[in-house]
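Its first residue numbered 3, the sequence shown is counted upward by one per residue in the numbering used here.
What the hints contain is simulated information worked out from the structure, not anything from laboratory work.
Computed from a predicted model, the values in this text were never measured in an experiment.
A virtual CB, placed ideally from N, CA and C, is assigned to each residue, including glycine.
Treat the hints loosely; a few may be bogus.
Between beta-carbon pairs, the in silico distance windows are [what the hints assert, rightly or not]:
#1 Asp121 to Pro243: 22 to 30 Å
#2 Asp121 to Leu286: 21 to 29 Å
#3 Ser234 to Leu82: 45 to 53 Å
#4 Pro155 to Pro110: 25 to 33 Å
#5 Thr79 to Glu242: 49 to 57 Å
#6 Phe20 to Ala187: 33 to 41 Å
#7 Ser123 to Arg261: 19 to 27 Å
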Amino acid sequence: LDYWVIVADHLLRRILAFRTGPGGTDTIPVVSATGVLESTLGHSDNMVLNAQGTMIATRSLDTDRIYLFSFDPIDGTASLFAEFVDEFGAGGLEFSPNGQFLYSIRVPAFDQVEYVQWDLSSNDPQTIYDSANVVHVEQVPGGMLVPWPRLGPDGCIHVPVAFEHHYTSILMPDLAGPACQVVSAYIDLPGSWMDGRTTNQCKRYHDSELDLSVADRGPVPVELDLWPNPTSGLLNLPAEPAWVRAQVYDLRGRSVLDRTGKQATLDVAALAPGAYTLMLRDPLGRAVARGTFVRE
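Hey, can you work out the whole structure from these sequences and the hints?
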């Protein structure tokens, strides 16, 4: 069985693909995309391949530009698919297991990190750029260094948090928006210390053993038909499915209202006019129902 070893050569602005297998490694690589890539100041780790082996993502840390390439696993060629600027882009990239979403973990401020989701279902670069959705914002008192997210064999994406002893995790990265369920301190490592640049070993060591079709990631959130909608005050909440916590997110994925304890209504009068997503969670913190509404 042959494999490809892929290298982003930012110095000469090209992508190299070396075929390797039982007979050894080809010394002459397949060269693609010459003249496209920009310097990344030596941060060559900023390149990921989706689980399907058909798309490459890399970024230039000095220009905050993300590059997407389609990759042909038959002949090893890479073709530019899209490129766009990701503001505050000093961070890592990772694909969702199904390849539909690209996650960018970026640092807009010294003590803050944003988790951004990009929808790759369109072939139009501008549409991909406009799909940027901030699904989580995390405060890091000690300062956030460049974080490297990795897709683990459990189908979740794990991100080391600087100067802490835990990983923040995206539990359902195949789902759009807040439904992807970003949970802070999901993996706790007591007694350890790491910065955001620590090598993240939550990797797919054996892709042949990664069967995402049978992985149990908890319930799929039920879509709610909320009422009254639009509303200027109270929003009626369902009794089923069983839930214990209600969270409201704005269009940037920020939590703007959080109530614990089951209740028949939720007072949203304090929210600014606009569109919001309601998420209902079970005792384990998993989203069991979701819906959208408009605050008049």
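Hint check:
no. : hint                         : verdict
1   : Asp121 to Pro243: 22 to 30 Å : holds (27 Å)
2   : Asp121 to Leu286: 21 to 29 Å : holds (27 Å)
3   : Ser234 to Leu82: 45 to 53 Å  : holds (48 Å)
4   : Pro155 to Pro110: 25 to 33 Å : holds (31 Å)
5   : Thr79 to Glu242: 49 to 57 Å  : holds (52 Å)
6   : Phe20 to Ala187: 33 to 41 Å  : holds (39 Å)
7   : Ser123 to Arg261: 19 to 27 Å : violated (33 Å)
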